[in-house]
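Below, each chain spelled out in residue letters.
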Amino acid sequence: MRIDEPYIRLMNEEIDGVISEENARKLAAFVMSDPEARRYYEDLRETVRALGEAGEVEPPPELRERIFDAVYGQSGGQTVQPVAAEHSFWRSFVPAFAAGVAAGLIIFAAIRPLTDRSPKEPGYEATIGAVEGGGGAAERFDAYGVKGSVLPVFERGSITVTMSMASDTEASILFDLGDGVSFESIRSNEGADYQMEVDGKSLLLVHGGDAEFIIRFRSADTPALDLRIFAGGKTVAAMRLSTGG
Amino acid sequence: MATTDSSLVIETLNGDREAFGMLVERYERQIFNLAFRICGDYEDAMDVTQTVFVKAFERLRTFDPSRKFFSWLYRMGVNESLNQVKRQSRIVRVEFDPPSRSPGPEQQVIREQADGLVQSALRRLGEDYRVVIILRHFVDLSYSQIADVLAIPEKTVKSRLYSARQRMKELLTEAGL
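Protein sequences, first through last, are from chains L and W. Numbering-wise, the numbering used here puts 40 at position 40 of the first sequence, and it's gapless, one number per residue. Numbering-wise, the numbering used here puts 132 at position 132 of the second sequence, and it's gapless, one number per residue.
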């Protein structure tokens, strides 16, 4: 037996709570009078009850974070990334620098005894003598994927070391400061200045890529600096920087 | 007084991340459940929910403030879920039992069984029927709200919903519920 469409509509309206009082009375009378309609109505209510009991599914707790990462990761990247790309080396070097120096000092403690004893494959060893006030020639080095130049300038009360480096690999630049010499500042070729304190008698920079930088030291009357550059556990260059040649 | 969706949209457009966070908090669960019921897969529901909010954020300037935000968002949720179903239609996946709010072990078992039958029946429904059932019974929208989300007349919503319930009744009866 078919149930008339208007009554099916009323059953659904009743289930959804949008039926009028008059229609509710009309539906109740119809359902009471027709067992098949009553069964249909009860089945329909049971279906809706089953839908209601299916329950809500809990989203994973990390979903909100994923959404935020996707949304603000994208928009944030648009502003942050190009800035970082424009200043490829020095922007990344600055935070690495502080960490590198700290780590480097620890590494230094480990590598100095070895290199002091017997550098296995020294790339370049020299003593650079510079005329006070500048005018000397830069010394070049090229070994183990690291090449560049060093130009020290001695002035009264200070030593300025201009370095140019291009390295395929990470290189460590180690200055052993003589008596009366202390680190003052480092400046990149992009004009940014970095001040730092160095513990003890050494300064170590961890370098990668291409860059030019100027390091300044305060000096006593008879200054001298020992500079060593390492890459891959090998000595790329070792030189003494001093006045008078 | 609760902040309206419209003001949160404006604040989001002005760069207020917290405002967008409130919109996500307000609708994340509904969009996820909508997606889960349409897709029938927990992982897909996660992907769809994320995509919906990302798209909503990207298109926020195109949102017509004369419309309701939730209608706009749910519509994206429906479309994205249906697209996901089409994308995944040829992929056989291992079913995943989603974590749900459970009152007790016995009720949990009964509910999981019922949930499984309902989900199977939903999967066998036609797309139009499935969506209207989900919007009414899982997202708890009214006829007019469903009409707004689907951009169809309310009269069509009613006839589609009543037919969908009839079909669900048959499928659940077949399944022994």
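Please note that the accuracy of each hint is not assured.
Below, a list of computed lysine to aspartate or glutamate pairs in the EDC-like style, where the Cα atoms sit at most 20 Å apart [what the hints assert, rightly or not]: (1) W:169 with L:69; (2) L:147 with L:43; (3) L:147 with L:179; (4) W:169 with L:170; (5) W:68 with W:115; (6) W:169 with L:5; (7) W:169 with L:13; (8) W:169 with L:42.
By construction, these hints were calculated from the structure, which means they are not laboratory data. Since this is a predicted model, take the numbers as computed values, not measurements.
Hints, verified against the model:
no.	hint	verdict
1	W:169 with L:69	42 Å, violated
2	L:147 with L:43	85 Å, violated
3	L:147 with L:179	29 Å, violated
4	W:169 with L:170	70 Å, violated
5	W:68 with W:115	31 Å, violated
6	W:169 with L:5	16 Å, holds
7	W:169 with L:13	16 Å, holds
8	W:169 with L:42	10 Å, holds
Hints 1, 2, 3, 4 and 5, counting from the list given before, are not met by this structure.
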